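Undergrad: Chains as they are written, first to last, in this note's numbering: chain A, 1 to 465; chain B, 466 to 844; chain C, 845 to 1238.
Among the hints, erroneous ones may be present.
[Stated by the list, open to error] What follows is a set of in silico ranges between Cβ atoms, one per label pair, in the way DEER data are often shown:
#	chain 1	residue 1	chain 2	residue 2	range
1	A	R38	B	K603	31 to 37 angstroms
2	C	R1156	A	T20	30 to 36 angstroms
3	C	R1156	A	E290	35 to 41 angstroms
It should be emphasised that the hints constitute simulated quantities derived from the structure, not laboratory data. All figures in this text were calculated on a predicted structure; none of them were measured in a lab. The beta-carbon is built from N, C-alpha and C at its ideal position, and this holds for glycine as well.
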Amino acid sequence: MSSTVLDYSKEIPVIEGVPTAASLDEAIVKPINDFPQRNWFIGLAITGTMLGIGGISLAWLLWKGVGIWGINQPVAWGFDVVNFVFWVGIGHAGTLISAILFLLRQKWRTGIARFAEAMTLFAVLCAVQFVIFHTGRPWLAMAWLFPYPNQHGVWVNFTSPLEWDVFAVNTYFTVSAVFWYIGLIPDFASLRDRATTTIKKTTFAVLSLGWRFSNRHWQHYERAYLIMAGFATPLVLSVHTIVSFDFAVSVLPGWHTTIFPPYFVAGAIFSGFAMVQNVLIVTRKAFKFEHLITMDTIEKMNKIMLVTGTMVGYAYIMEFFIAWYSGNATELFVFINRATGPYWWAYWTMMTCNLVAPQLFWSKKIRTSLLASFILAIFVNIGMWFERFVIIVTSLHRDFLPSSWGMFIPTMWDFGLLIGSFGLFFTLVLLFVKFLPAIAMAEIKAVVPGAQPSHPSHNGNGTSH
Amino acid sequence: MEKKLYSINAIYHTPNDILHAAKAVKDAGYTKFDVHTPYPIHGLDDAMGLKETKLGFVTLAAGILGAVGMISFASWVAVKDYPQVIGGKPYWSWPAFVPVTYEIAVLLAVLGTVGGMIVFFFKFPNTSHPLHDTTFMKKVSSDKFGITIQAEDAQFDEKKVRDLLKTTGGEVEAIYYSDEFLNFKPNTFDPKFILLLVGISLATSAGGYLYWNKVLYLPPFDWMVEQPRFDVQSATDYFEDGRTMRLPVEGSVARGFIPYPYKLGVNADSVGRFLVNPLLNTKATLDLGKRKFLTYCSPCHGNFGNGDSRMNGQFPNPPTLHSDKVRLWPDGAIFHTMTVGQNVMPGYQYQISREERWAVVKYIRTLQRAYNAKESDLQ
Amino acid sequence: MSAHETVIIPKKELPANIVTLGWGLTIVGLALVAVSYLTDSHRAAFNNIIGFTFLASIAVGAVFYIALEYIAGAVWTTPFRRVIEFLGMLLIPVAVLSIPLFLNLHDLFHWSHTDVVAKDAILTNKSPYLNEQSFTIRFIIYIVVWGLFYFIFRRNSLKQDVSNDQKLTKKNIALAAAFIPALAISISLFSIDWLMSLEPHWFSTMFGVYYFTGTILTSLCVITYFVVVLSEKGFFFKGVNENHYYSFGALMFGLLSFWAYIAFSQFMLIWYANLPEETFWYIARWENGWEYVSIAIVLLHFWIPYFMLVSRPSKMKPSNLKRSAALLIFAHFLDLYWLVMPTYSKTPVFSYYELAFPMLSIGLIIVLFAIQAKKYNIVPVGDPKLQRGIDFHL
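Please work from the sequences and hints to get the whole structure.
TA: Quick look at the structure:
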C-alpha cells in the first residue's frame, strides 16, 4: 500500500508524455487519411450483417404490422419500449461526459468527449426508431406526435407523458447534435487546412463555416460552449426523467414509485458509461490512442460505473423496502413476483449484472485491467437491458385480476430488430471513427502540458514546464 | 489583378509569447487586430482588452421566449381551443405542462445561442476571407499562434507595425487580397437560382401530394382500408338471401320492448279509451314533449299546432290540433294517431319512443289549454 | 515546497463580537427551549425535531463534503476543508438534541402507541420496522457510523498538519469510498425514521433523496457563508479568489436546481397518479394556511435564489453569495417546518416555541466553530493538495 502512494500535490496528466500540438494532430488525423485497416472492414462486415438483419425485420414489420412481435394483452409493451429506454439511456453518457464533466472541470474528459457525444447521437437514433415503429403506422405518426394546426381542429395532449417524450427526445437529439457540431467546427477548420484533395478541402471548408481561429471568435465560442453545457446538463436529467414518467405517472404497481426519476437517470448514466467504455477500449487499441486516452481515464470511467451502479442498487433496495413499508399488497406482490415469479431469471440477471458485477471495481487491479473493464462493461449493458425488461414486462404480465394474467414471449422479429439496432449503432460508430476526428483536436491541444501560459502570479499550477 | 494589403501578421511559438504580444499590440493603441490560436488560451481576452461577451443575453431572451411561449400555447390548447378532461383533472393542469415547457425553453435557448453566435457574432458562414487558404492560417490551425493587425486600422503604418511585431519576437509576414475576391456577392435574382427555388417547391408539393394521397393508399400502407369483413348494407354470397345483415330469429323480442297491439285504421277515439297517459305534468315532461313536438310535429302542424306550417297549400292541409275533435279526444287517441298515423300522416313509433310520445301528448294538451284559456287560468 | 511557508494566516480567531453573539444565541436559545418544554412539551418536541434534523443536515452534509473531496480528488475545496471539518462537530449537539425527543417519543410518533398500532392493519404491518426498540437501535447506529467516520477523517487531517504525510490522504480516500454508500443508506433511513414516519401511513421512495439534497445544499450554504465572511474580514488566509467563489456559487446553483427537480418530481408523480393513500400528505400542506407556506418554499427555496445565482458574475460576488446562502439556510429550515409541523397542527403556528431551536442552532454553529478555530489550524496546512487548491482557476 505504502509503495504506491500518489503525489497528490501534482495533477494527473490528461495525456501521457509531452507531445507537440503537431504530433497530436498527426495522431488524430491519421485514421482519417489512411486507407482503413483490414480489421475495420471485418468490423464493418459484421455490423453491416447485423444491420441487414434489422432491415429485413423492419421491412417485414412494415408489411405485416406490430402483430409479428410477441406483444399482446396484458403485456402490450415489449421489446420495442425496452429497447427504446435502453438506447436512450446509452445516449446519456455522451452528454454527461461532454457537458457535466465539462462544468465540473474534469479535464480527463477531453480525450473521450467527442467520441461519447457521437455515441449519444447514434444511440438516440437507435432509440427513436423503436418509438416510431412501435406506433404501428409510423408513416402517419407525424399527425399524432407533433402539435400542428390541422383541419380536424385537434391538438396533441400536452398532459400525456408520451407527448412529453416526443418533446424531450427531439430536444435532446437536436441539442446533442448542435453541441457536437459546435465542438467539431474548429476541427473541421484544421482538417480543411490539412486537406490534400479538393473534395476533402471543399467539404471541410463548408462544414467549418469559415472558422478562422480568431480569438474574437474563441471568446464567444467558449462562452457558448459553457452555456450549452449548462443547458445540456439539466436536459440530460430531464430526458430520462420524462422517460421514467412514462411509467411512474401511472397507477400500476411496480411503475408508480416516486424514486423513478433519479433512479432512471443514474441507470442511464451507468449503462451509457459501460457502452462508451466498450467502444473506447476497442478504438483506443485499434487506432493506437493509448497516450491520448490514458489508463487513468479508463479507471475513472470504471469508478463512475461503480458509483452509478451502486446508486441503481440503492434504488432497487429502496423500492423493495417501500413496497413492503407502504403496506400495499399489490405493490409488494409485484416485487416478490419479480424475484420469484416466472421471470425470476430476468430479475436475477439484472441484480447480478448491475449490482454485484460493478462491485468488482472496488479492486484497483480489476479497475485498471483492460480485459476486466471490457467484460464488466458488457455485463453492465446486459444487466441494464434486463432492468428495463424487468420493469416493463414483469409489471405488466400479472394484471390486477388473475384471469387477465399472461406471459410475454418474444418472437424472432423482436430479436431481429434488437440485433439490427446494435448493427446500426456500431456501423455508425465505425463510420464516425473513420471519417471524423474521434478526439477533439482543439480541446486536447489545450490540455497538453505547456499549452497554457504560465501564470506569473501563481507558482506551479501544473501547467508550467 | 491588383492586390491590396489586408494585414501584417506575426507568428509566435509559445502561448506566453502570444500573450505578451497581444498585450503589446493593445497597449500600442491598435483596435483592428486579432489573435489566432489553435485552441483558446487563458487570459488572452484580457490581454486583448476584449469586453465580456453578451451572448448570455441572447440565451436568456430565447429561453424566456420558449418557456412563456410554450406554456401559453399549451394552456390555450388545453383551456380554450381543444378542452379535454384527462385523468379527471382540471383543464388547466399546469404541473403537466412543465415538462414540455422546459424542453422547449432549453431547445430555443440553445438554438438561439448557437444561431445568434454564428450569424450575428461571427457573421458566418463566410469562406471568402483573405486569411483563408494562407500559410498563416495553416500554421495557426495546427500549432502556432498568430497576430494580425489589419490595414484598415486608423493608425496603421506598415513600417511601425512591422517593427512593433518584430520587437515582440514574432516572425512577420503580410497578407494581400484582391477586391474581386472579397467583393463577390451572389445575385439573389439570378434566374438560375429562382428556377432552383421553383423546382424545389414543385418537387416538395408533388412529393407531399403523392405521399398523402397516393402512397398511403398503396400496399402495405392500406391494410386498414382493405379489411376482411362484411360492410353493413352490402351484398354477399355467403348467406342464402344474399344479404350481409341478418334478421333476428323469428319470435325474438328486444329487451324493454312493449308491443303496441292496435293497428292502423282502428278508430282512434275508441282505442284511446283503453290507453292512459303514464306521465305526470312536470316541467321535465313538458320540456321533453316540446322538444319532440318541435322536431317531429311542427313541420306540418305548425309551431303551436295551428296547422299553419309552410306545408299549407302544397299538400293536403295538415289539420289544426285545436279543433274540438282533437280537444275532446282522450289522450290515448292522440297517442294512437301518433303511433300508427292517419291519412297521409305516417306513424312515428320508430322515431319517437313510447315515453316521448306520451310527453308530446302532454305538450299538445298544454297548447290546447293555452289557446282556450279560462279566466281562472290567468290568476 | 511545503505549503507551510506559502500560506499566511493573518488572524485565526473569530472576531469577539461574533463569538459573543454565538454564546448569547446559545444561552437564550437554551433558555427558550427549557421554557417551551416546561409549558408545552408536545409542541416543543415537534420543534425539537426541526432543530434536530436541521443540525443533522449541516453536520452530515459536512462529513459528506469531506468524503466527497477525497473521493473526487477535488482541489478547490482543500483550503476550506477545515471549515467543513469544524462544522462536522455539530454531530455532538445532534446526539444531545435527540435525548428530549426520545423522552417525548409518544407525543411525536403515532406508531409508538402499541394500542393504536394493534387496531391499524397497515401500522401492524410496519411494526417490525417502526417500533421503539429498533428505532432507537437504528438511531444509535447512524450516529455511531457518522461519528466514527467523521472522527477518523478529522484525526487524519489534523495529523497531516504536522506530518505532511501523503499516506493520510490515501487513507482518507479509502475511508471516503466506504463512507459514501454507508451514508446513502443511513441518511435515507434517518429521514424515513424522523420525518416520513411522522405520518406513518404515508410513503414515498424519493423521500430519502429529497432530504439528502436539502442536507447537502444547506451544509454547502453554511460552509460558503463561513468562507466568505472569514475571507472578507481577513480572518482567513489570502488567496481566496473569484474562481473559488464561482465554484461555491455554481455548486449552490446546481444543488438548488437539483432540489427543485427532486421536489417537483415527487409532487408531480403523486399529483398525477392521484392515489388517496399518497395525496393526503400534500393535501394537508395545501389547506388551512399551509398553502402559503408551500408557496413560500417554492419561492424561497428555488425561484428567488435561482435568479439570484443564475448569471456568471453573480456566482462570483461575495455579497451575493452570502445573501443567497443565508436565504437558502432559512428556506431549508422552513422546508423542515413544512415537513414536520402539519402533523402537529392543522394550521401554521408561530410563536417563541418556533424561535427557540433556530436560535439555539445558529448559536451552536458559531460557538462550536469558534472553539475549534481557536484550537486548530483553520487551514489544512499539511495537505498535499493545498497549494493546488489555492492556485485553482477555472
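Undergrad: Is it true that R1156 (chain C) and E290 (chain A) lie within 35 to 41 angstroms of each other by Cβ?
TA: 37 angstroms, holds
Undergrad: Return holds or violated for the Cβ distance of R38 (chain A) and K603 (chain B) against the range 31 to 37 angstroms.
TA: 33 angstroms, holds
Undergrad: Are R1156 (chain C) and T20 (chain A) spaced within 30 to 36 angstroms by their CB atoms?
TA: At 34 angstroms between Cβs, range holds.
Every hint from the earlier list agrees with this structure, and none is contradicted.
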